[in-house]
Amino acid sequence: MTIAPVCFTPILQHETVQMAHGAGGRLSQSLMQRVFMPHIHNPFLDLLDDQAKLDLPPGRAAFTTDTYVVSPVFFPGGNIGELAVNGTVNDLAVGGAKPLYLSAGFVLEEGFLLAELETIVKSMAEAACRAGVMIVTGDTKVVGKGQCDRIFINTSGIGIIREGVNLSCRNLKVGDSIILSGTVGDHGMAIMTSREGLSFQSRITSDCAALNGMIGSILDEVPLAIHAMRDPTRGGVAATLNELAVSSSVGIEINETTILVKPDVRGACELLGIDPLHVANEGKLVMAVAADKVQTVLDVMRTFDLGRDAVIIGSVVDDHPGMVVMRTVYGSRRIIDLPLGEQLPRIC
Amino acid sequence: MKFIDEYRDPQLARKFLDEIRRTTTRHWTIMEICGGQTHSIIRNGIDQLLPESIELVHGPGCPVCVTPLESIERALAIASRKEVIFTSFGDMLRVPGNSKDLFMARSEGGDVRILFSPLDALQIARDNPTKEVVFFAVGFETTAPANAMAVWQAAREGIKNFSVLVSQVMVPPAMRAILLSPGNRVQGFLAAGHVCAVMGYEEYEPVAHEFNVPVVPTGFEPVDLLAGILRTVELLEEGRAEVVNCYGRVVSREGNLAAKQTISKVFEVTDRQWRGIGLIPLSGLGLRAEYAHFDAEKKFDLTHIRAAESLLCMSGSVLQGILKPDACPAFSRECTPEHPLGATMVSSEGACAAYYNYHRNFDVS
Amino acid sequence: MCLAIPGKLLELSNENGLKMGIIDVNGSKTKACLEYVPDIQVGQYTIVHAGFALKIIDEEEAAESLKLWQELIDSGAFQPDQELPSPESL
Numbered sequence: 001m002t003i004a005p006v007c008f009t010p011i012l013q014h015e016t017v018q019m020a021h022g023a024g025g026r027l028s029q030s031l032m033q034r035v036f037m038p039h040i041h042n043p044f045l046d047l048l049d050d051q052a053k054l055d056l057p058p059g060r061a062a063f064t065t066d067t068y069v070v071s072p073v074f075f076p077g078g079n080i081g082e083l084a085v086n087g088t089v090n091d092l093a094v095g096g097a098k099p100l101y102l103s104a105g106f107v108l109e110e111g112f113l114l115a116e117l118e119t120i121v122k123s124m125a126e127a128a129c130r131a132g133v134m135i136v137t138g139d140t141k142v143v144g145k146g147q148c149d150r151i152f153i154n155t156s157g158i159g160i161i162r163e164g165v166n167l168s169c170r171n172l173k174v175g176d177s178i179i180l181s182g183t184v185g186d187h188g189m190a191i192m193t194s195r196e197g198l199s200f201q202s203r204i205t206s207d208c209a210a211l212n213g214m215i216g217s218i219l220d221e222v223p224l225a226i227h228a229m230r231d232p233t234r235g236g237v238a239a240t241l242n243e244l245a246v247s248s249s250v251g252i253e254i255n256e257t258t259i260l261v262k263p264d265v266r267g268a269c270e271l272l273g274i275d276p277l278h279v280a281n282e283g284k285l286v287m288a289v290a291a292d293k294v295q296t297v298l299d300v301m302r303t304f305d306l307g308r309d310a311v312i313i314g315s316v317v318d319d320h321p322g323m324v325v326m327r328t329v330y331g332s333r334r335i336i337d338l339p340l341g342e343q344l345p346r347i348c
Numbered sequence: 001m002k003f004i005d006e007y008r009d010p011q012l013a014r015k016f017l018d019e020i021r022r023t024t025t026r027h028w029t030i031m032e033i034c035g036g037q038t039h040s041i042i043r044n045g046i047d048q049l050l051p052e053s054i055e056l057v058h059g060p061g062c063p064v065c066v067t068p069l070e071s072i073e074r075a076l077a078i079a080s081r082k083e084v085i086f087t088s089f090g091d092m093l094r095v096p097g098n099s100k101d102l103f104m105a106r107s108e109g110g111d112v113r114i115l116f117s118p119l120d121a122l123q124i125a126r127d128n129p130t131k132e133v134v135f136f137a138v139g140f141e142t143t144a145p146a147n148a149m150a151v152w153q154a155a156r157e158g159i160k161n162f163s164v165l166v167s168q169v170m171v172p173p174a175m176r177a178i179l180l181s182p183g184n185r186v187q188g189f190l191a192a193g194h195v196c197a198v199m200g201y202e203e204y205e206p207v208a209h210e211f212n213v214p215v216v217p218t219g220f221e222p223v224d225l226l227a228g229i230l231r232t233v234e235l236l237e238e239g240r241a242e243v244v245n246c247y248g249r250v251v252s253r254e255g256n257l258a259a260k261q262t263i264s265k266v267f268e269v270t271d272r273q274w275r276g277i278g279l280i281p282l283s284g285l286g287l288r289a290e291y292a293h294f295d296a297e298k299k300f301d302l303t304h305i306r307a308a309e310s311l312l313c314m315s316g317s318v319l320q321g322i323l324k325p326d327a328c329p330a331f332s333r334e335c336t337p338e339h340p341l342g343a344t345m346v347s348s349e350g351a352c353a354a355y356y357n358y359h360r361n362f363d364v365s
Numbered sequence: 001m002c003l004a005i006p007g008k009l010l011e012l013s014n015e016n017g018l019k020m021g022i023i024d025v026n027g028s029k030t031k032a033c034l035e036y037v038p039d040i041q042v043g044q045y046t047i048v049h050a051g052f053a054l055k056i057i058d059e060e061e062a063a064e065s066l067k068l069w070q071e072l073i074d075s076g077a078f079q080p081d082q083e084l085p086s087p088e089s090l
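Residue numbers (the numbering used here), protein chains in the order written: chain A, 1 to 348; chain B, 1 to 365; chain C, 1 to 90.
Among the hints, a few may not be true.
DMTMM-like cross-link-like pairs, simulated, lysine to aspartate or glutamate; straight-line CA separation at most 20 Å [what the hints assert, rightly or not]: (1) Lys-145/A with Asp-111/B; (2) Lys-265/B with Glu-290/B; (3) Lys-122/A with Glu-15/A; (4) Lys-2/B with Asp-58/C; (5) Lys-67/C with Glu-254/B; (6) Lys-141/A with Asp-66/A; (7) Lys-2/B with Asp-24/C; (8) Lys-260/B with Glu-35/C; (9) Lys-145/A with Glu-109/A; (10) Lys-67/C with Glu-221/B; (11) Lys-98/A with Asp-55/A; (12) Lys-260/B with Asp-39/C; (13) Lys-2/B with Glu-59/C; (14) Lys-31/C with Asp-111/B; (15) Lys-2/B with Glu-60/C; (16) Lys-19/C with Glu-157/B; (17) Lys-2/B with Asp-275/A; (18) Lys-299/B with Glu-52/B; (19) Lys-82/B with Glu-297/B; (20) Lys-8/C with Asp-5/B; (21) Lys-100/B with Glu-342/A; (22) Lys-260/B with Glu-205/B; (23) Lys-8/C with Glu-35/C; (24) Lys-19/C with Asp-39/C; (25) Lys-82/B with Asp-301/B; (26) Lys-265/B with Glu-59/C; (27) Lys-82/B with Asp-101/B; (28) Lys-67/C with Asp-9/B; (29) Lys-67/C with Asp-18/B; (30) Lys-67/C with Glu-6/B; (31) Lys-145/A with Glu-110/A; (32) Lys-122/A with Asp-139/A; (33) Lys-2/B with Glu-11/C; (34) Lys-2/B with Glu-61/C; (35) Lys-82/B with Asp-295/B; (36) Lys-8/C with Glu-221/B; (37) Lys-98/A with Glu-126/A; (38) Lys-8/C with Glu-157/B; (39) Lys-2/B with Asp-18/B; (40) Lys-2/B with Glu-64/C.
Source of the hints: derived by calculation from the structure; they are not laboratory data.
Quantities reported herein were computed from a predicted structural model and do not represent experimental measurements.
Make the full structure from the sequences, and use the hints.
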């Protein structure tokens with residue numbers, strides 16, 4: 001049963017979020033009807049119950065949550081909404097789960113433009129559709145001006161883990177190959193160069209994308225050959241490789257020559273003194289794969305746009321357990337460490 | 001990337017390494033002054049690839065590392081004021097003062113913003129007339145032109161709500177201090193290529209002559225560094241204490257005259273404290289009297305703020321090249337990038353941080 | 001210190017009475033003050049530090065020294081003691 005919106009007046013350019021929009025009364029309903037429902041509707045959400053009643057397919061469930069507070073809210077290549085959908089879809093998919101249902105909780109700052117909120121909601125609906133998931137339940141709260149940075153979104157997601165697949169950061173085996181699905185640093189540098197105060201005019205584009213389609217095809221082909229899978233978000237590839245090495249108590253060696261960076265991303269990284277390996281990605285995969293199946297995996301990945309630059313960047317070794325080491329182009333070796341925190345532009 | 005990739009060519013690097021190996025007949029101790037060079041050397045493992053008879057010693061060329069604790073404390077005091085927007089290069093945000101850093105000041109409510117250029121601070125001042133905008137003007141001679149222009153432009157436009165907290169230092173006096181210190185082992189210098197791009201290299205000629213050390217202005221990419229090291233070794237082997245430019249595409253003998261002119265319009269040479277080293281006379285820059293109203297130290301009356309270094313921290317010895325980072329008892333124990341005791345562990349240019357990030361507990365052979 | 005990256009001047013402008021420009025660094029564009037390179041022409045390369053162009057890169061000198069290095073290598077003046085291992089094999 002679908003409830004048709006009773007009153008749908010188009011959003012005017014100057015209209016903003018008011019405290020009353022979060023109070024549960026008439027204005028809250030109006031917000032739902034004018035901003036959310038025109039874009040997100042499915043049999044579960046349309047019931048407008050306090051909970052979504054779901055029939056889950058048989059199998060083990062995977063459940064994840066993430067909160068998105070990115071600033072700026074709109075950036076080249078996407079916005080906070082599609083990030084919130086794709087990020088949670090990816091967190092399920094890298095665990096070997098088929099993502100099914102998402103929740104979406106919004107904290108809105110009083111004064112946030114309704115038109116911008118609508119753009120974000122529309123993007124979320126489109127991203128969900130592309131990823132084959134449904135946003136089945138949600139919540140909206142409004143806080144006073146200055147109490148949040150325009151909009152924060154939490155998404156939680158549930159999916160069913162494919163039978164026979166066991167992906168875990170503790171499963172790396174010595175001899176495994178490490179695959180990276182494409183160029184590094186796109187998302188983090190898109191965000192950084194869009195911020196004010198850094199004199200940038202670049203249009204570095206975020207790589208924000210849902211990976212579950214490509215992951216599904218890989219697991220269809222070689223379910224047992226993939227030992228671990230992660231999307232290298234905050235902290236970049238460096239953080240992800242360190243987490244894998246530490247969790248599995250193995251060493252990882254990578255080759256500097258294999259790391260791909262888009263030219264404009266590289267230019268921005270050089271200018272700001274930032275290591276691309278420490279920069280967040282939102283549409284990339286790092287995988288530990290049994291060495292005898294690595295070519296099959298690459299062949300599958302390269303049939304996808306998202307995986308066309310997939311490459312082997314290194315391997316799992318029994319030296320230096322818990323540490324990630326890189327062979328430089330000169331033949332020397334250095335540790336790739338966890339970045340300390342926020343990447344800061346430097347002059348030094 | 002043009003003018004970068006050619007100087008990262010592994011084949012060319014290898015050839016230089018082989019030539020260095022062939023040219024070296026005895027042990028030489030060479031210092032690279034500049035933190036950017038230290039970073040590039042350690043990040044690319046150049047120190048691993050050089051023959052053992054060449055010892056690279058890492059100098060105090062990290063303006064972040066040598067900014068005195070007092071300046072950090074003064075920055076923190078200013079940043080915590082309600083009417084202030086405190087702006088800085090990103091490098092300074094994690095440098096610890098007595099008990100906190102600028103990041104923490106921000107989390108406690110201070111309006112602290114990271115900028116790429118001091119001119120952006122001026123724009124913030126124009127956009128926020130009711131606020132006081134302060135820029136943390138840290139740097140060696142490479143950054144002095146930028147910091148000078150911000151002040152000069154502020155004066156030209158009559159911007160009243162702008163000031164700078166100055167911590168500008170100069171390389172040649174530091175080199176002299178190192179060469180004069182007891183226990184100095186440095187026999188040759190790689191001069192900081194971008195400092196020389198601004199200042200030229202004529203001021204190193206008396207140093208080379210007086211102390212009998214070759215000084216080679218050198219770039220930052222691996223091939224540039226190896227070319228500079230080779231040249232230094234050749235000069236040492238031949239007993240020639242000269243200044244020979246190895247970064248000709250950017251460095252000329254007289255430097256950038258327009259930049260030097262603006263620097264001397266706005267700044268004058270002063271004594272400066274170097275964190276971990278102490279007072280080096282006439283080694284810094286301060287605002288000239290006619291620009292005193294842009295001096296944040298005067299505007300905010302901070303002269304009462306003092307600070308004392310951690311007793312465990314040996315960054316001074318590291319900065320002078322007397323101690324290798326991993327020889328410090330606190331290295332990787334009480335002192336790590338997460339809880340640094342001194343600035344050489346905080347700044348990514350700092351020798352201690354570079355060692356920690358790239359070498360720690362790791363047999364690099 | 002002194003992260004200063006080479007880039008190509010794309011266009012000139014004036015802001016608040018200061019000569020400014022857009023510098024292209026491998027496809028990433030940044031604004032820089034050109035007051036210290038007053039003679040710079042569009043298409044020339046400069047090094048950018050803290051939002052300022054500090055020196056026009058002497059392309060001739062760069063080409064010459066690279067050429068010299070390459071000639072020395074080709075003429076066998078630099079004799080490698082051993083074969084250069086390829087990075088992949090390491």
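**Given pair status - Glu-342/A, Lys-100/B, alpha carbons within 20 Å** = Holds, at roughly 17 Å.
**Message:** Given the hinted pair Lys-82/B and Asp-301/B, is their Cα-Cα distance within 20 Å?
**Reply:** OK: Lys-82/B and Asp-301/B at ~16 Å, within 20 Å.
**Message:** Please verify whether Lys-145/A and Glu-109/A have alpha carbons no more than 20 Å apart.
**Reply:** The hint holds at about 6 Å.
**Straight-line alpha-carbon gap Lys-2/B to Glu-11/C, limit 20 Å** = holds (18 Å)
**Message:** Need the status of pair Lys-2/B, Glu-61/C: alpha-carbon distance at most 20 Å?
**Reply:** holds (14 Å)
**Prompt:** Taking 20 Å as the top limit, are the C-alpha atoms of Lys-2/B and Glu-60/C close enough?
**Reply:** holds (14 Å)
**Request:** Starting from Lys-141/A, check that the Cα of Asp-66/A is at most 20 Å away, please.
**Result:** The given pair, whose Cα atoms are some 17 Å apart, holds under the 20 Å limit.
**Asked** CA of Lys-265/B to CA of Glu-290/B, is that 20 Å or under?
**Response** Distance of about 10 Å is within 20 Å: holds.
**Item:** Satisfaction of hint between Asp-111/B and Lys-145/A, Cα-Cα up to 20 Å
**Value:** holds (17 Å)
**Request:** Assess, step by step, whether the Cα of Lys-8/C is no farther than 20 Å from the Cα of Glu-221/B, and give holds or violated.
**Result:** holds (18 Å)
**20 Å Cα cutoff - pair Lys-98/A, Asp-55/A** = Measuring from Cα to Cα gives roughly 15 Å; hence the hint holds.
**Item:** Straight-line alpha-carbon gap Lys-19/C to Asp-39/C, limit 20 Å
**Value:** holds (11 Å)
Checked against the numbered hints given earlier, the structure breaks hints 5, 14, 18, 26, 38, 39 and satisfies all the rest.
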